[in-house]
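Visitor: Count along the sequence shown from 1, then add 315; that gives the number in our numbering.
Check the hints yourself; a few may be wrong.
Said to hold, decoys possible - List of simulated lysine to aspartate or glutamate pairs, DMTMM-like, C-alpha gap at most 20 angstroms:
#: 1; residue 1: LYS335; residue 2: GLU386
#: 2; residue 1: LYS334; residue 2: GLU386
#: 3; residue 1: LYS335; residue 2: GLU378
#: 4; residue 1: LYS334; residue 2: GLU383
#: 5; residue 1: LYS328; residue 2: ASP363
#: 6; residue 1: LYS328; residue 2: GLU383
#: 7; residue 1: LYS328; residue 2: GLU386
#: 8; residue 1: LYS334; residue 2: GLU378
#: 9; residue 1: LYS328; residue 2: ASP364
Source of the hints: derived by calculation from the structure; they are not laboratory data.
Since this is a predicted model, take the numbers as computed values, not measurements.
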Amino acid sequence: MNLSNVGPYLRSKQVPWWKKSLGILGVAYIVWPFDALPDLVPLVGWLDDLGVLAVLLAFVRHELAAFERAEARR
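With the hints as constraints, model all of the structure from the sequences given.
Guide: Here it is as structure tokens:
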């Protein structure tokens with residue numbers, strides 16, 4: 316996974332808009348102060364952010380790897 320491919324991934328017409336939106340929404344959820352579980356609740360409030368972050372990182376790794384393979388075939 317090469318993070319320099321994030322820009323080309325987001326600009327690519329080959330990548331569906333909903334896949335781009337999922338990544339952006341995941342980042343927005345993490346930085347947004349209003350969560351499903353408020354961060355004011357010690358430990359538990361941070362766990363939902365960690366869960367979203369873990370899923371987001373796995374999704375981004377998978378998507379960027381697939382994008383890199385598709386670009387290499389071109």
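Visitor: Work down the list of hints and note, for each, if the structure agrees.
Guide: Hint check:
Our distance criterion of 20 angstroms between C-alpha atoms is met by LYS335 and GLU386, whose separation comes to about 17 angstroms. Of the pairs offered as hints, the one joining LYS334 and GLU386 holds, with about 17 angstroms between alpha carbons and a cut-off of 20 angstroms not exceeded. With a CA separation close to 10 angstroms, the supplied pair LYS335 and GLU378 stays within the 20 angstroms bound. Pair hint LYS334 plus GLU383 holds up; C-alpha atoms about 15 angstroms apart against a cutoff of 20 angstroms.
For the hint linking LYS328 to ASP363, the alpha-carbon distance of about 32 angstroms lies beyond 20 angstroms, and the restraint is violated. Distance hint between LYS328 and GLU383 is fulfilled; the C-alpha atoms sit about 14 angstroms from each other, no more than 20 angstroms. With a C-alpha separation of about 12 angstroms, the suggested pairing of LYS328 with GLU386 holds against the 20 angstroms cut-off. Under the criterion of a C-alpha separation no larger than 20 angstroms, the hint pairing LYS334 with GLU378 is consistent with the structure, at around 8 angstroms.
About 30 angstroms separates the Cα atoms of LYS328 and ASP364, which puts this hinted pair outside 20 angstroms; it is violated.
The structure is inconsistent with the numbered hints 5 and 9, although it conforms to all the rest.
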